[in-house]
Amino acid sequence: MPGPDFETVVADYHEPLYRFAISLTRSEADACDLVQQTFYMWATKGHQLRDAAKVKSWLFTTQYRAFLESRRTVTRFPHSELIETDPELPVILPEAARQLDAMQAVEALAQIDAVYRAPVALFYLEDYSYQEIADVLAVPIGTVKSRLARGLAQLKHIFAGSNPSRSQPRGKHE
Amino acid sequence: MNNQEAKTILALFRPGSPDEADPSFHEARQMAKTDPELARWFDAHCEAYLLLRRQFQSIPIPPGLKEQILSERKIHRPLFQRYWRPLLAVAAVVVFLVSIDFVFSPFHGVKDRYAAYSKRMVESALKGYNMDVTTTDPLQIRDYLKEHHAPAAYSLPAGLKTAPLVGCAVSSWQGNPVSMICFKSGRPLPPAAQSDVWLFVTSRQTLARASPPASPSVDRVSKAITASWSDGQNDYLLAVVGNEALLRKYLQ
Numbered sequence: 001m002p003g004p005d006f007e008t009v010v011a012d013y014h015e016p017l018y019r020f021a022i023s024l025t026r027s028e029a030d031a032c033d034l035v036q037q038t039f040y041m042w043a044t045k046g047h048q049l050r051d052a053a054k055v056k057s058w059l060f061t062t063q064y065r066a067f068l069e070s071r072r073t074v075t076r077f078p079h080s081e082l083i084e085t086d087p088e089l090p091v092i093l094p095e096a097a098r099q100l101d102a103m104q105a106v107e108a109l110a111q112i113d114a115v116y117r118a119p120v121a122l123f124y125l126e127d128y129s130y131q132e133i134a135d136v137l138a139v140p141i142g143t144v145k146s147r148l149a150r151g152l153a154q155l156k157h158i159f160a161g162s163n164p165s166r167s168q169p170r171g172k173h174e
Numbered sequence: 175m176n177n178q179e180a181k182t183i184l185a186l187f188r189p190g191s192p193d194e195a196d197p198s199f200h201e202a203r204q205m206a207k208t209d210p211e212l213a214r215w216f217d218a219h220c221e222a223y224l225l226l227r228r229q230f231q232s233i234p235i236p237p238g239l240k241e242q243i244l245s246e247r248k249i250h251r252p253l254f255q256r257y258w259r260p261l262l263a264v265a266a267v268v269v270f271l272v273s274i275d276f277v278f279s280p281f282h283g284v285k286d287r288y289a290a291y292s293k294r295m296v297e298s299a300l301k302g303y304n305m306d307v308t309t310t311d312p313l314q315i316r317d318y319l320k321e322h323h324a325p326a327a328y329s330l331p332a333g334l335k336t337a338p339l340v341g342c343a344v345s346s347w348q349g350n351p352v353s354m355i356c357f358k359s360g361r362p363l364p365p366a367a368q369s370d371v372w373l374f375v376t377s378r379q380t381l382a383r384a385s386p387p388a389s390p391s392v393d394r395v396s397k398a399i400t401a402s403w404s405d406g407q408n409d410y411l412l413a414v415v416g417n418e419a420l421l422r423k424y425l426q
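As you go down the protein sequences, you meet chains A and B in turn. Using my numbering, read the first sequence as starting at 1 and increasing by one per residue. Using my numbering, read the second sequence as starting at 175 and increasing by one per residue.
Hints in this document: simulated from the structure, not taken from any laboratory. What you are looking at is a predicted structure, and each value in this text was computed from that prediction instead of being measured. Some clues are possibly wrong.
[Stated by the list, open to error] Straight line, CA to CA, 30 Å or less: simulated DSS-like cross-link-like pairs of lysine-lysine:
no. : chain 1 : residue 1 : chain 2 : residue 2
1   : A       : LYS54     : B       : LYS240
2   : B       : LYS301    : B       : LYS285
3   : A       : LYS45     : B       : LYS240
4   : B       : LYS358    : B       : LYS397
5   : B       : LYS240    : A       : LYS56
6   : B       : LYS181    : B       : LYS207
7   : B       : LYS335    : B       : LYS301
8   : B       : LYS320    : B       : LYS301
9   : B       : LYS358    : B       : LYS301
[Claimed, not checked] Covered stretches of chain B, as calculated for chain A (at least 3 residues, CB under 8 Å):
no. : segment
10  : 179-189
11  : 219-226
12  : 232-239
For glycine and all other residues, C-beta sits at the position ideal for the given N, C-alpha and C.
With the hints as constraints, model all of the structure from the sequences given.
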């Protein structure tokens with residue numbers, strides 16, 4: 001069965017991919033480049049994908065890998081488990097959320113550590129299951145959850161107007 | 175599970191997402207139904223999540239991004255991928271024209287096929303060969319050819335019936351047997367040559383549409399002059415090292 005044509009894939013996914021990209025890069029120009037690179041890879045390698053239902057997942061995975069490759073930070077992202085996270089739970093209050101517009105939300109996301117940014121972006125942007133997020137990020141589910149918990153905790157502090165300590169995560173390194 | 179453990183789990187819960195069916199959240203959500211303080215906390219979490227989700231999903235897309243991606247695609251696509259439809263159409267037209275030529279110009283290909291046959295046979299004779307049978311007895315030649323499934327029921331033109339026989343060999347063309355009957359003209363032969371007049375006979379089915387006409391057609395092939403004709407059952411190719419006058423002497 002032939003897969004979707006290029007224009008259909010672009011029409012369906014360029015917007016969510018851009019939102020994910022700008023959450024990662026914090027720059028409109030870099031985000032556009034990243035999205036274009038992702039579709040270029042789709043144009044050259046997408047035909048290898050047998051399951052048309054996995055187009056979206058393929059695009060997000062490819063885009064995230066391209067982002068890591070561009071930053072060459074993949075080896076600096078340690079895996080850590082949820083049990084090692086800050087005992088202070090991330091509770092973002094609705095009042096804080098109401099005061100933001102879209103770009104302020106992106107700015108807030110840009111202030112959290114890069115290692116936590118992708119899981120937090122996917123947490124808000126997409127309806128992926130945790131297993132799918134783990135697949136996109138190529139890390140175990142436990143690592144996704146621990147990064148997410150820390151990222152949300154940082155976001156909460158940013159919304160509260162205080163920048164938390166953004167040193168190396170204290171989690172168990174693999 | 176205590177209240178704090180439930181919050182740890184529910185902090186990652188996303189209302190309206192696959193988490194609704196995720197069993198890892200089930201127990202904590204049940205607990206939120208019976209614990210008023212946890213329920214308030216959970217409601218606030220869900221409301222904040224939905225507000226932030228709405229904000230993130232309304233991030234504006236740069237105008238022209240889609241068009242830019244599509245235009246980049248046109249630049250990067252290989253030539254065949256970009257123009258596969260017109261290229262396919264051109265290929266179809268070429269195939270069609272070749273088919274037309276094949277159907278409506280049969281003699282073009284036929285001429286080539288007969289030329290190839292006559293050239294192969296004549297050159298094999300001129301280059302030297304070993305006769306399977308060396309004899310002047312026409313019956314022995316026919317017996318040998320028949321025994322080797324080569325055409326033996328051939329008709330010789332009057333001029334050839336009186337030509338001195340040397341022998342015969344069985345050759346082949348595209349898997350079909352060809353009888354090669356060797357004669358001498360009586361003129362001096364080159365060193366090592368055994369004959370200078372050859373008659374090649376093959377079944378009409380061998381050459382099919384490329385069969386020569388009933389009346390002898392004279393041609394020059396390599397250093398020989400040839401006459402080709404068909405009697406309806408066999409196709410004949412007579413090759414002579416010499417001139418056309420000598421050739422016509424055997425055709426009378």
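Against the structure, the hints come out as follows:
1. Note on LYS54 of chain A and LYS240 of chain B: the hinted pairing holds, with a Cα-Cα distance of about 21 Å set against a maximum of 30 Å.
2. For the hint pairing LYS301 of chain B with LYS285 of chain B, the CA-to-CA distance comes to about 24 Å; that is within 30 Å, so the pair holds.
3. Distance hint between LYS45 of chain A and LYS240 of chain B is fulfilled; the C-alpha atoms sit about 19 Å from each other, no more than 30 Å.
4. With a C-alpha separation of about 16 Å, the suggested pair LYS358 of chain B and LYS397 of chain B falls inside the 30 Å cut-off, and the hint holds.
5. About 16 Å separates the Cα atoms of LYS240 of chain B and LYS56 of chain A, which keeps this hinted pair within 30 Å; it holds.
6. Restraint check for LYS181 of chain B and LYS207 of chain B: satisfied, since their Cα atoms lie roughly 13 Å apart, inside the 30 Å limit.
7. Restraint check for LYS335 of chain B and LYS301 of chain B: the C-alpha separation of about 25 Å stays at or below 30 Å, so the hint holds.
8. With a C-alpha separation of about 26 Å, the suggested pairing of LYS320 of chain B with LYS301 of chain B holds against the 30 Å cut-off.
9. For the proposed pair LYS358 of chain B and LYS301 of chain B, the alpha carbon gap of about 16 Å is at most 30 Å, so the pair holds.
10. With 5 residues bearing a CB less than 8 Å from a CB of chain A, the segment 179-189 of chain B meets the requirement of three and the coverage assertion stands.
11. Evaluation of the coverage hint for the segment 219-226 of chain B: fulfilled, as 6 residues show C-beta separations to chain A shorter than 8 Å, against a requirement of three.
12. With a threshold of 8 Å between beta carbons, the proposed coverage of the segment 232-239 of chain B by chain A holds, since 6 of its residues qualify and at least three are required.
The earlier numbered hints are all upheld by this structure, with none contradicted.
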